[in-house]
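Undergrad: Sequence:
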Amino acid sequence: YKAENYEEAIDILLAVRYEQPASSIAAFYLGLTYKQMREYKLAERNLREAVTLSPPVKDAYLELAEVLYTLDALREAKEWTAKSEQEGIKPAHTAFLKGLILLKEGKADDAIAAFENAKKLDQSFSQPADFQIAAAHVQKQRFEEAKKSLHTIQNIDPLSDLASFSKEYEKALSRTLALYKPWQFRVGIAYQFDDNVVLKPGTAIQGVDISGEKDSSIVSTLNVLYSPLLNGPFSLRCHYDLYTNMYFHTTSHNLLTQAVSVVPGYTIKNSLLSLPLSYAYLWVEGDPYMSLLTMKPTLQIALYPNHIAQFSVGYDKRELIEGALDRDEDRDGNVFNASAGYIRLFKEGRGTFNAIYEFSEDDTDGKNWANTGNRFIVSCLIPDLLKKTSLVLSGDIFLQDYKNTNTVFEKKRKDETYTMSATAIAEIVKALYLNLQYSYIRADSTIAVYDYGRNIYTMGFEYRF
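If you use our numbering, the sequence shown corresponds to residues 351 to 815, in order.
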């Protein structure tokens with residue numbers, strides 16, 4: 351083993367383990383050998399035996415923690431690191447590993463404290479610890495502090511490999527900062543076909559004849575994002591969105607929407623607290639139709655790498671510009687909601703799977719529209735399904751229970767609305783994307799006039815810059 355002839359050492363140690371299965375020393379060295387050969391699962395098995403057989407090999411605490419860290423078993427790696435720390439085993443090495451685990455968990459500030467401790471305990475850890483401190487500062491978007499740590503590495507030993515690497519890392523970081531665009535724009539135009547623009551009921555209603563429900567339209571979009579690069583735990587995103595949908599024939603349903611939103615955020619260890627605030631104004635057929643003010647404090651918690659829990663509470667203030675002729679049909683009101691969700695990242699964070707449950711209380715001025723809602727949303731972004739083509743799949747179930755007997759139809763209303771959509775997004779040339787989307791909506795209501803089905807087909811282009 352000491353001669354680094356690991357293949358031969360494996361054969362010898364396996365024979366020793368066979369003859370002495372209760373030997374913790376043999377298990378320890380076999381685990382170390384497998385670790386050197388990067389056979390981490392086999393290393394884990396033998397190192398576990400080294401710490402559980404009698405007498406336990408205490409040096410195995412740290413070795414097992416390193417293997418578990420490599421295997422992303424961070425919770426158990428922390429436990430064995432704590433035992434190594436308690437036993438005083440290689441204190442600087444233990445502190446350094448503790449920092450690596452904390453950094454992998456997204457706890458950058460705690461990781462920096464551990465790396466600083468490793469430097470104090472053993473100066474030979476100064477260069478690798480400073481490099482990891484730089485990585486922690488980058489994680490927290492403290493880029494100037496990261497550069498200082500990289501400079502420190504180069505000053506300690508300018509001729510070392512790590513100093514050369516840190517110099518290149520600093521150059522790459524500077525290039526990245528120079529290329530960062532706080533302003534981002536998206537401009538889109540699309541053709542859309544809707545087979546039920548006017549939401550014609552699925553069943554015939556006596557005395558009511560609805561026609562012209564099918565129509566084509568041109569959809570135009572403009573999205574502006576301003577996201578300055580802030581140091582420390584703060585973040586800020588500002589949006590402006592313009593949406594128009596102009597029908598060829600059913601001009602009574604032409605829609606124009608403008609919305610502005612501000613999303614300040616604050617990072618706390620492995621969590622992000624944000625306060626989205628938005629205001630939207632809608633015009634229908636060129637006339638003012640509705641305004642909507644929305645606030646939705648949201649907390650995202652990184653449970654493990656690539657696993658995020660999300661919780662939010664929200665308030666919407668909805669106001670229709672023209673008052674209802676029948677005050678029972680007045681949809682002005684306040685909407686209170688709360689949601690809980692799960693986000694799974696994959697493919698290096700470019701792919702996402704979301705599952706969200708939301709409860710809402712819609713307190714309208716008119717009693718025919720007051721309702722409680724339960725909503726279930728599932729969506730998945732699959733990047734690069736084909737060459738430069740991503741797929742977005744989503745499903746939405748919205749169950750609404752209206753509180754009062756409808757004064758127009760003299761019956762209680764319950765709605766079940768099901769929405770499914772599939773979108774393919776392909777980059778056809780640099781920054782120009784082709785979007786193909788199909789959406790299906792099925793509203794099942796106890797009142798026939800609100801019961802309908804709808805298919806929407808969209809094909810368009812979007813330019814991002």
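Honestly, the hints are just simulated from the structure, not real lab data. This structure is a prediction, so every number in the text was calculated from the model and none was measured. Some clues are possibly wrong.
[What the hints assert, rightly or not] With a Cα cut of at most 20 Å, we get these calculated SDA-like pairs of lysine to any residue:
#1 667 <-> 711
#2 521 <-> 481
#3 531 <-> 577
#4 764 <-> 803
#5 697 <-> 667
#6 738 <-> 787
#7 470 <-> 521
#8 470 <-> 490
#9 738 <-> 783
#10 619 <-> 643
#11 433 <-> 422
#12 457 <-> 621
#13 550 <-> 766
#14 457 <-> 577
#15 646 <-> 628
#16 428 <-> 582
#17 470 <-> 481
#18 428 <-> 466
#19 646 <-> 725
#20 469 <-> 408
#21 531 <-> 781
#22 762 <-> 808
#23 428 <-> 438
#24 428 <-> 474
#25 717 <-> 783
#26 454 <-> 700
#27 457 <-> 645
#28 762 <-> 667
#29 667 <-> 613
#30 564 <-> 549
#31 497 <-> 475
#32 667 <-> 680
[Claimed, not checked] With beta-carbon atoms standing in for the labels, derived distance ranges:
#33 761 <-> 670: 22 to 28 Å
#34 528 <-> 711: 33 to 39 Å
#35 511 <-> 782: 16 to 22 Å
#36 528 <-> 777: 21 to 27 Å
#37 761 <-> 599: 30 to 36 Å
#38 525 <-> 387: 44 to 50 Å
#39 421 <-> 669: 53 to 59 Å
#40 421 <-> 534: 33 to 39 Å
All residues carry an ideal CB built from backbone N, CA and C; glycine is no exception.
Undergrad: If a hint holds in the structure, say so; if it does not, say that too.
TA: Here's how the hints hold up against the structure:
| no. | hint | result |
| --- | --- | --- |
| 1 | 667 <-> 711 | holds, 12 Å |
| 2 | 521 <-> 481 | holds, 14 Å |
| 3 | 531 <-> 577 | holds, 8 Å |
| 4 | 764 <-> 803 | holds, 16 Å |
| 5 | 697 <-> 667 | violated, 38 Å |
| 6 | 738 <-> 787 | holds, 17 Å |
| 7 | 470 <-> 521 | violated, 28 Å |
| 8 | 470 <-> 490 | violated, 23 Å |
| 9 | 738 <-> 783 | holds, 10 Å |
| 10 | 619 <-> 643 | violated, 31 Å |
| 11 | 433 <-> 422 | holds, 18 Å |
| 12 | 457 <-> 621 | holds, 9 Å |
| 13 | 550 <-> 766 | holds, 16 Å |
| 14 | 457 <-> 577 | violated, 23 Å |
| 15 | 646 <-> 628 | holds, 9 Å |
| 16 | 428 <-> 582 | violated, 26 Å |
| 17 | 470 <-> 481 | holds, 15 Å |
| 18 | 428 <-> 466 | holds, 18 Å |
| 19 | 646 <-> 725 | holds, 16 Å |
| 20 | 469 <-> 408 | violated, 23 Å |
| 21 | 531 <-> 781 | holds, 14 Å |
| 22 | 762 <-> 808 | violated, 36 Å |
| 23 | 428 <-> 438 | holds, 15 Å |
| 24 | 428 <-> 474 | violated, 23 Å |
| 25 | 717 <-> 783 | violated, 45 Å |
| 26 | 454 <-> 700 | holds, 18 Å |
| 27 | 457 <-> 645 | violated, 28 Å |
| 28 | 762 <-> 667 | violated, 25 Å |
| 29 | 667 <-> 613 | holds, 18 Å |
| 30 | 564 <-> 549 | holds, 10 Å |
| 31 | 497 <-> 475 | holds, 19 Å |
| 32 | 667 <-> 680 | holds, 14 Å |
| 33 | 761 <-> 670: 22 to 28 Å | holds, 24 Å |
| 34 | 528 <-> 711: 33 to 39 Å | violated, 49 Å |
| 35 | 511 <-> 782: 16 to 22 Å | violated, 42 Å |
| 36 | 528 <-> 777: 21 to 27 Å | holds, 24 Å |
| 37 | 761 <-> 599: 30 to 36 Å | holds, 34 Å |
| 38 | 525 <-> 387: 44 to 50 Å | violated, 37 Å |
| 39 | 421 <-> 669: 53 to 59 Å | holds, 55 Å |
| 40 | 421 <-> 534: 33 to 39 Å | holds, 38 Å |
Hints 5, 7, 8, 10, 14, 16, 20, 22, 24, 25, 27, 28, 34, 35 and 38, counting from the list given before, are not met by this structure.
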